[in-house]
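Protein chains: 2
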Amino acid sequence: MHKLSKIFQPSLIIPKNASVKKQDVTSKSQRLMLEQGLIRQAGNGTFYILPLLQRAVEKTIALVDLYMQQHVKAEKLSLPMLTSAELWRQSGRLDSAEAELMKTTDRHGKMQILGPTHEESITALLAAISPVSYRQFPLRLYQISTKFRDEMKPRFGLMRAKEFLMKDLYTFDIGPEEARQTYETVNDAYRQLLDAVGVPYVKVSADTGLMGGTTSHEYHFPSEVGEDQLMHCRECGKSCNQEVLANGMDCKQCNNANFSKQTGIEVAHTFILEDKYSKALGAKFLDQKGKPGILQMGCYGIGVTRLIAASIEVLSSEMDIRWPLALAPFRVCLIPPKKGSKEESQAGPWLDKLYFEIRKLKGLDSDVVVDDRISMTIGKRLMDAKKIGYPIVIVIGAKAACESNELFEVYNQLQEKESVLGFTETLLEIDRICNSRT
Amino acid sequence: MHKLSKIFQPSLIIPKNASVKKQDVTSKSQRLMLEQGLIRQAGNGTFYILPLLQRAVEKTIALVDLYMQQHVKAEKLSLPMLTSAELWRQSGRLDSAEAELMKTTDRHGKMQILGPTHEESITALLAAISPVSYRQFPLRLYQISTKFRDEMKPRFGLMRAKEFLMKDLYTFDIGPEEARQTYETVNDAYRQLLDAVGVPYVKVSADTGLMGGTTSHEYHFPSEVGEDQLMHCRECGKSCNQEVLANGMDCKQCNNANFSKQTGIEVAHTFILEDKYSKALGAKFLDQKGKPGILQMGCYGIGVTRLIAASIEVLSSEMDIRWPLALAPFRVCLIPPKKGSKEESQAGPWLDKLYFEIRKLKGLDSDVVVDDRISMTIGKRLMDAKKIGYPIVIVIGAKAACESNELFEVYNQLQEKESVLGFTETLLEIDRICNSRT
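Residue numbers (this note's numbering), protein chains in the order written: chain A, 1 to 438; chain B, 1 to 438.
You may find that some hints are simply not true.
According to the in silico footprint, chain B covers these stretches of chain A (three or more CB under 8 angstroms from chain B) [said to hold, decoys possible]:
1) 73-87
2) 121-128
3) 363-372
4) 401-414
Since the hints were derived computationally from the structure, they do not count as laboratory data. Given the structure is predicted, the values throughout are model-derived calculations rather than measurements. Even for Gly, the Cβ is constructed at its ideal location relative to N, Cα and C.
When you get a sec, could you build the whole thing from the sequences and use the hints?
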């Protein structure tokens with residue numbers, strides 16, 4: 001049984017003379033996650049992911065794996081975190097990305113990059129086995145790993161940190177048309193993944209920037225703390241990141257300049273890279289006639305820790321965290337009666353019954369936590385549960401102690417609805433909330 | 001359906017003038033893993049973990065999670081990979097560990113360590129919330145993450161790499177007796193975990209070395225390429241790492257010097273650290289009377305990638321990889337008839353039936369791969385399956401094409417046994433092999 005009293009969740013109340021200064025807390029999600037014991041700051045832009053949040057991270061990883069493997073048919077691997085600086089020199093990015101690259105030099109004097117992204121690394125892998133038969137393509141390889149960026153000013157907690165968890169997918173095709181098809185497939189999977197997360201998002205055309213290539217789209221959660229300015233053309237309906245407009249301020253599609261604007265938090269990014277890396281590093285294929293050609297690439301990122309933090313930023317109030325159902329550390333929290341209360345003896349036995357039956361519902365076998373801090377009143381624990389934001393909270397209180405007609409208070413925190421339901425109805429309601437959308 | 005033709009598995013045949021030189025290949029497991037497309041070398045001591053091996057890594061992680069969470073009652077979290085060099089200075093290890101530490105300096109001039117281990121980091125976390133009520137203990141926190149070590153001479157592939165995946169558990173107790181109890185609990189879980197892996201191992205008392213503390217044990221797989229000399233006292237039966245004997249050559253238990261010796265590959269290590277880190281960094285608790293005290297610590301490592309490589313080193317022949325059943329990328333491989341063969345039409349339909357029914361067996365729902373390279377003969381594919389070492393290989397061949405009495409060739413590669421079985425018996429045999437030990 002997952003018991004709340006056994007979970008390491010050191011909450012942070014920031015006193016006036018604290019080592020974490022108020023000015024270090026630059027977003028609502030960062031403050032809520034600190035206050036609720038989900039993260040602790042380690043250094044400037046580095047964080048401890050504490051056990052409750054670790055559960056959310058692992059759920060997010062599982063969700064990303066699902067969409068990458070089933071929808072994109074991508075294969076998972078692990079690239080080394082250290083990439084030879086020499087490869088970055090060959091791609092031409094060692095100087096252009098200089099400021100944000102973290103480097104380390106080994107005892108033999110070789111400089112390595114702590115990868116912020118891995119185009120060079122994966123292309124070198126393909127180059128080492130080149131030329132590869134056309135039959136092997138499309139090739140879609142991804143990893144989920146820690147990335148590093150030497151931010152000038154880390155901020156917003158997990159949303160702009162020096163270390164962050166990212167899913168990076170690299171694709172290889174034998175021609176531009178095939179690469180375009182792959183691009184559509186991955187963007188389609190991103191749409192489905194973000195729909196499953198359920199936080200409102202917008203897709204905009206974007207600048208290719210340091211990555212290079214020709215085509216790029218970003219996915220944003222609209223939010224006041226977003227660092228990107230999104231432009232929605234009122235004439236043609238197209239959306240883009242303001243960066244795309246560069247100097248001109250007209251819509252690239254229809255040449256009008258009638259935009260609605262909003263700021264967004266970038267959670268995913270897609271690029272058609274063409275042959276920028278494959279040409280520089282020599283990643284080739286052999287066509288049906290045995291003629292060699294340069295591979296066409298794409299790359300596709302999702303910020304895993306950023307996706308979680310941005311979701312919390314968008315969904316939460318100033319007081320209470322709210323999670324996307326799919327990413328919550330536990331989807332159900334049970335609150336049994338206070339120790340020594342008059343309902344304890346009669347309502348108490350329902351705890352085991354509910355716990356046992358809820359775990360039998362689809363997908364819920366390890367997703368229920370019991371707030372066993374029974375020296376505290378139900379009211380205090382319910383307030384805590386609202387703050388941390390478990391999507392479903394069930395109170396086993398006075399109404400459950402009624403001998404002939406036991407009832408439970410069911411809080412659906414996704415929709416801020418309360419209901420009082422019998423045993424079977426409670427189970428049906430949990431199943432409905434958790435499984436109707438999947 | 002997992003199809004072998006869709007798995008990125010670039011095999012390596014080392015030609016005379018190859019960039020990977022023969023002298024770089026220093027162990028059997030490294031050679032086999034390179035030849036079979038499980039790893040590729042990226043740099044000196046860094047490797048790509050390719051998709052088949054990635055599956056084994058994720059299985060190993062799941063197994064370690066299971067034993068940490070269910071047996072040790074430990075909670076999973078993530079510590080930052082970068083630790084402030086200042087913390088290492090405070091613990092006194094910045095100089096003593098100097099040679100093997102990888103470092104990076106950020107744009108603000110702050111030096112950080114790419115963590116080879118995280119005693120400083122986790123103790124700083126506890127210190128930041130100190131003093132912690134005695135009720136919170138025992139506290140057992142672990143992570144599974146990439147660690148870095150600037151090896152003078154990386155070798156043996158994944159067994160001594162500059163980047164490696166490690167499970168590191170840190171425990172906090174309110175007194176030495178409680179810390180000793182935790183030590184027993186974790187060692188007991190290690191025994192059960194290694195029993196589940198099934199590779200023969202020995203537990204020896206070990207030097208505390210750079211880690212400090214008072215008590216330490218190592219778990220080794222006996223192997224010729226092992227870098228540690230293990231001493232088994234013929235008089236009292238105790239075993240230790242030769243390092244423990246230091247200058248004297250007598251058994252520390254019985255003062256005799258009658259040893260049998262063997263070399264071993266260290267796969268796990270346990271330490272009682274006492275208050276070395278908690279005192280230096282100020283990690284404290286409050287006892288029942290409100291009096292503060294210094295926490296007692298332990299740390300416990302398992303080399304995840306090393307465990308896999310060492311298993312392959314021990315179990316494999318010079319030609320053929322063998323995996324522990326629990327860690328194999330796929331436990332079952334199905335080989336259907338060759339395209340255009342006379343058995344294709346009659347035996348072919350059994351593929352879907354077998355695939356479907358095997359996946360219904362306990363724990364096997366995503367553990368079956370089909371060698372769909374049907375332009376190749378069954379014999380060639382069977383040879384490949386023997387090289388890569390799937391624990392169970394099922395051939396759907398001429399015998400399966402017999403209309404009245406279909407039979408399948410079942411290869412149990414764990415015991416190098418072959419049998420010819422009917423449909424139901426094949427399923428029972430797979431279930432017996434996979435589920436009788438768990």
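Taking the hints in turn, this is what the structure says about them:
With a cut-off of 8 angstroms between beta carbons, the stretch 73-87 of chain A has 11 residues touching chain B; three or more are needed, and the interface restraint holds. Under the rule that three or more residues need a Cβ within less than 8 angstroms of chain B, the assignment of the stretch 121-128 of chain A holds, with 4 such residues. For the stretch 363-372 of chain A, the proposed coverage by chain B is not satisfied: 0 residues have a C-beta within less than 8 angstroms of a C-beta in that chain, short of the threshold of three. Evaluation of the coverage hint for the stretch 401-414 of chain A: breached, as 0 residues show C-beta separations to chain B shorter than 8 angstroms, against a requirement of three.
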